[in-house]
Amino acid sequence: MRFIIRLAVFILVAAQAVAAPPVGAVLDVGPADGSERVCVSCVPSTRVDKAPSLPVIQSACSECHSNKRQPLVGPVQPHSSPALETFRRTPGIQFNHELHIQTIACGGCHAPTNEGQLATPLMQQCMDCHTENKMNNRCDLCHQTGAGGVLKTRLGLHTLRPTQRILPDVFHHTDFKTNHGLQARTHSQTCQNCHTPDECTTCHQMETRIGVHQGDYIRFHPVEARHDPTSCSSCHQPTTFCRDCHSRAGLSPAPGPRQFGRTDGRLKFHPPGFTDLPGTARGAQHHAFAAQKDLSSCATCHSPNDCVRCHSTNAPLSLRASPHPKRFRCGKALEVSANGCRTCHTDILSLRIRCQALGN
Amino acid sequence: MGDDHKIGLCFLLILFSSTLPVNAERYHVKLDTVLNMDRWYSGYEYMVETTDINHRLRLHIFEGTPGDESTITTFDMAISSDIGPEADAYRQWGSGRRTNLEIYQGSVTLLKLVPRSRIKLGRQIFWDALGAGAFDGISLQTTPFSMVHLTGRFGQTLRPNTARFGYFLPSPVTGERRRRGYLIAGRLRLEPMDALHGEFGYRRHFNDQLQREEISASARVQPAPWSSNTVLICADLIFEQISEWRLLTEFAWEQNRIALEAAYLRPRFDADSIWVAFAPAPHHSASVNASKFMGKIQLGARIDGTLFQTDFDSLEPFNTAHWAKENTATRGSLFVNYRLSRGGVPSGSMGIQGHISRGYGGQFTAVSTNTHIPLANSRSFSRVSIRSRLGVAQLSRDSSLVWSGLSSWGLVGVDWRPDDGVLSQLAVEGFSGMPESEHIRIFLAVRMENFW
Chain A
1 MRFIIRLAVF ILVAAQAVAA PPVGAVLDVG PADGSERVCV SCVPSTRVDK
51 APSLPVIQSA CSECHSNKRQ PLVGPVQPHS SPALETFRRT PGIQFNHELH
101 IQTIACGGCH APTNEGQLAT PLMQQCMDCH TENKMNNRCD LCHQTGAGGV
151 LKTRLGLHTL RPTQRILPDV FHHTDFKTNH GLQARTHSQT CQNCHTPDEC
201 TTCHQMETRI GVHQGDYIRF HPVEARHDPT SCSSCHQPTT FCRDCHSRAG
251 LSPAPGPRQF GRTDGRLKFH PPGFTDLPGT ARGAQHHAFA AQKDLSSCAT
301 CHSPNDCVRC HSTNAPLSLR ASPHPKRFRC GKALEVSANG CRTCHTDILS
351 LRIRCQALGN
Chain B
1001 MGDDHKIGLC FLLILFSSTL PVNAERYHVK LDTVLNMDRW YSGYEYMVET
1051 TDINHRLRLH IFEGTPGDES TITTFDMAIS SDIGPEADAY RQWGSGRRTN
1101 LEIYQGSVTL LKLVPRSRIK LGRQIFWDAL GAGAFDGISL QTTPFSMVHL
1151 TGRFGQTLRP NTARFGYFLP SPVTGERRRR GYLIAGRLRL EPMDALHGEF
1201 GYRRHFNDQL QREEISASAR VQPAPWSSNT VLICADLIFE QISEWRLLTE
1251 FAWEQNRIAL EAAYLRPRFD ADSIWVAFAP APHHSASVNA SKFMGKIQLG
1301 ARIDGTLFQT DFDSLEPFNT AHWAKENTAT RGSLFVNYRL SRGGVPSGSM
1351 GIQGHISRGY GGQFTAVSTN THIPLANSRS FSRVSIRSRL GVAQLSRDSS
1401 LVWSGLSSWG LVGVDWRPDD GVLSQLAVEG FSGMPESEHI RIFLAVRMEN
1451 FW
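Chain order of the listed sequences is A and B. Residue 54 in our numbering sits at position 54 of the first sequence; the count goes up by one each step and never skips. Every number in our numbering is 1000 more than the matching position in the second sequence, counting from 1.
Keep in mind that the hints were calculated from the coordinates and are not lab data. Glycine is no exception: its CB is placed at the ideal position from the N, C-alpha and C atoms. Possibly wrong hints are sitting among the right ones.
[As the list claims (entries may be wrong)] List of simulated lysine-lysine pairs, DSS-like, C-alpha gap at most 30 angstroms: (1) B/LYS1292 - A/LYS332; (2) B/LYS1296 - A/LYS332; (3) A/LYS177 - B/LYS1112; (4) A/LYS152 - A/LYS177; (5) B/LYS1112 - A/LYS134; (6) B/LYS1112 - A/LYS326; (7) B/LYS1292 - A/LYS326; (8) B/LYS1112 - A/LYS152; (9) B/LYS1030 - B/LYS1112; (10) A/LYS134 - A/LYS152; (11) B/LYS1030 - A/LYS152.
[Stated by the list, open to error] Where chain B lies over chain A, by a calculated footprint (3+ residues, C-beta under 8 angstroms): (12) 96-107; (13) 345-356.
[As the list claims (entries may be wrong)] Some chain B residues flagged as far from chain A (calculated, every beta-carbon gap over 10 angstroms): (14) HIS1060; (15) LEU1130; (16) GLU1261; (17) ALA1329; (18) ARG1331; (19) ILE1373; (20) PHE1451.
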């Protein structure tokens, strides 16, 4: 508690002490690469304006770029080229011309197009060139970063997103919101270029949001919960979230006015035949299958003691239904830990001997 | 004054402090307050009502030159209150407490203490091929060579509530102290070339009553710009069995994408739990996902199926069941979205989606529409935007479901952004369907941040 209070006071004092621009005032979207300094047009701008289809003369570049190793100098006007203008309008790009012209001729990137205009290299060309020359292809080489080295993704009217053409495996495709687990697990570093862990926990810690589930999901969730329970537990904690609601709805063994098991026949969570005894044909809804499919869901409401009542070697009514699969390696389980075994088996020594005799 | 009230008071202080001007180069502050009032017909005779309020603070403090920071301090915490109206007996959070404090992260990252390395101390979350995890402790990430990245972690694992990334912790552990354990984890990431990434992971989670030990390997191969392939495999070292594998292959050309995924997942349990002695059924699944852009129109479809490999060789003296039908389930979805634009700038969207799910206790089919329209704006952001959704669904009865029939719902929401860094959201959602079950849900959120 004291820690919390101290933290609150610290934050209050820190926030007061720091003189800074108003909230939200920081939006560093400048022209890409300082493009005012780019170049004089290779062809006089008047000619380009009147006849945009005129081919650009490569040698004309030397009027401004006399030596490819020299930085750009002189009075500058932007090239009149739609492609270049698009590039200049794209915020959040940083590009060092001075560095690049040390190794690449102007035409290497700005080769004239069929329409006679100066081309601007596509991102793929930049990446291919870097790959060929064994240079790094880190995102932050070209895209602006904010504090902590995370890419700036919100840039005024624009939002920076990975494109399908460049990065198909991290492209934010149609169901990316609900199916990105594999990408995050296998190359989380790529995600962390733009996202901080806070953003993950926004959904994965069940902060209330609208739009994840379809509208009347409360009615349909049993179907999907049985289909893919681990998907539910990705954001919802069964032992709190699920049980809390089920308790309110009377679907819980927890005591209360709507207690599970009331005899009016309407408050049954489990379907008929769920606990049919040995000797009867098990229906598909029998708890044995339900437990095999998703034991975690059982454990949301039930403790091991509920299972042990019938599955223990000391169970009453001579049920003693073994839950073990046929290839169960009891020797291995005992070797790891006998704690779980003791729940049902009182005589561990004889159990160990039996397991050794079985050779597993 | 009780602890809950003190915590609430502290968060009020934080709330007011965070609205003050702070230097966005050194401090990133994000504060969300969400009020959610929900009321639904449980399907079991009566109406269930809940009202929750959640405050969440995220704070990053950067020290050092902007862009070349030496230290990053992170806090991520939330306080949520169940404010009724049900009786206390229904509250399950921490022994029925009304107010719950969660500290998701509280860490200091040292970027320059060791060359080519970063050290993180405190409460943190992380990912590797085994999934996400969380712990209190230390992690060291180093890059001895440009293509080799090594990470080591050690600490006390948090209670699962703070590490609930499904595939990592599907086991029925609880927040009991005896269930807390220690974590040792390592990760080796190799990037020999842009087209090939590989990763190996190890994780051991243990204490005197808790054991879990796993290894993982994953690789991503991009042989051509239009092709990407990812493979992942995880194995349990204690019981020496494969616990999971996944294979994803994607083809993308122009604005089209097709992805095929196959997976095998065996439920994981702590080695000391009695649950490991039961017969968990691994599930096999496969999915196909396709999307296509046609100018302003985006089309997408997805279909996936799951098969549980229920074990019929258990030692129980039961008769065989009619199981085949119930062991498979399929889902499919389809959508069309139309992007609105004004002057080349995206300005909203309209769409329609369909979804069908069958198997495991029922079947439902749902169709819904969505609209998002920002109103005219004079600055770099839209001050007001309107969202709406309309949907209808048919739920087919199954033995385990009490109610079936036609259900419909509608949502109207308004987003108001008075400033770049403040977003207020209000949404009202209405439902109808089951007789005498019509009701509304209210969602109100205020989100503030200073690093736009």
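Consistency of the hints with the structure:
1. This hinted pair does not check out: B/LYS1292 and A/LYS332 have alpha carbons roughly 51 angstroms apart, beyond 30 angstroms.
2. Among the hinted pairs, B/LYS1296 with A/LYS332 is inconsistent with the structure: their alpha-carbon atoms are about 59 angstroms apart, more than 30 angstroms.
3. Restraint check for A/LYS177 and B/LYS1112: not satisfied, since their Cα atoms lie roughly 35 angstroms apart, outside the 30 angstroms limit.
4. With a C-alpha separation of about 20 angstroms, the suggested pair A/LYS152 and A/LYS177 falls inside the 30 angstroms cut-off, and the hint holds.
5. Distance hint between B/LYS1112 and A/LYS134 is fulfilled; the C-alpha atoms sit about 27 angstroms from each other, no more than 30 angstroms.
6. For the given pair, B/LYS1112 sits about 55 angstroms from A/LYS326 by alpha-carbon distance, which is inconsistent with the 30 angstroms threshold.
7. For the given pair, B/LYS1292 sits about 48 angstroms from A/LYS326 by alpha-carbon distance, which is inconsistent with the 30 angstroms threshold.
8. Proximity of B/LYS1112 to A/LYS152 is assessed by CA-CA distance (about 23 angstroms); at most 30 angstroms being required, the pair is judged to hold.
9. Proximity of B/LYS1030 to B/LYS1112 is assessed by CA-CA distance (about 26 angstroms); at most 30 angstroms being required, the pair is judged to hold.
10. Between A/LYS134 and A/LYS152 the CA atoms are separated by roughly 26 angstroms; this keeps the pair inside 30 angstroms, and the hint holds.
11. Restraint check for B/LYS1030 and A/LYS152: satisfied, since their Cα atoms lie roughly 16 angstroms apart, inside the 30 angstroms limit.
12. Proximity of the region 96-107 of chain A to chain B, defined as three or more residues with a beta carbon under 8 angstroms from a beta carbon of that chain, is not established by the 0 residues found.
13. Coverage of the region 345-356 of chain A by chain B is violated. Counting CB-CB distances below 8 angstroms, 0 residues qualify, and the rule asks for three or more.
14. At roughly 7 angstroms from the closest C-beta of chain A, the C-beta of B/HIS1060 falls inside 10 angstroms, breaking its exclusion from the interface.
15. Residue placement check: B/LEU1130 does not keep its beta carbon more than 10 angstroms from all beta carbons of chain A (closest about 7 angstroms).
16. With a least CB separation of 7 angstroms from chain A, B/GLU1261 falls inside the 10 angstroms interface cut-off, contrary to its annotation.
17. Taking the minimum C-beta to C-beta distance to chain A, about 4 angstroms, the non-interface status of B/ALA1329 is violated against the 10 angstroms cut.
18. The non-interface label for B/ARG1331 is inconsistent with chain A: the shortest C-beta to C-beta separation is roughly 7 angstroms, within 10 angstroms.
19. With a cut of 10 angstroms on Cβ distances, B/ILE1373 stays outside the contact zone with chain A, its closest approach being about 16 angstroms.
20. The beta carbon of B/PHE1451 is not kept farther than 10 angstroms from every beta carbon of chain A, the shortest such distance being approximately 7 angstroms.
Of the hints listed earlier, those the structure fails to meet are numbers 1, 2, 3, 6, 7, 12, 13, 14, 15, 16, 17, 18 and 20, in rising order.
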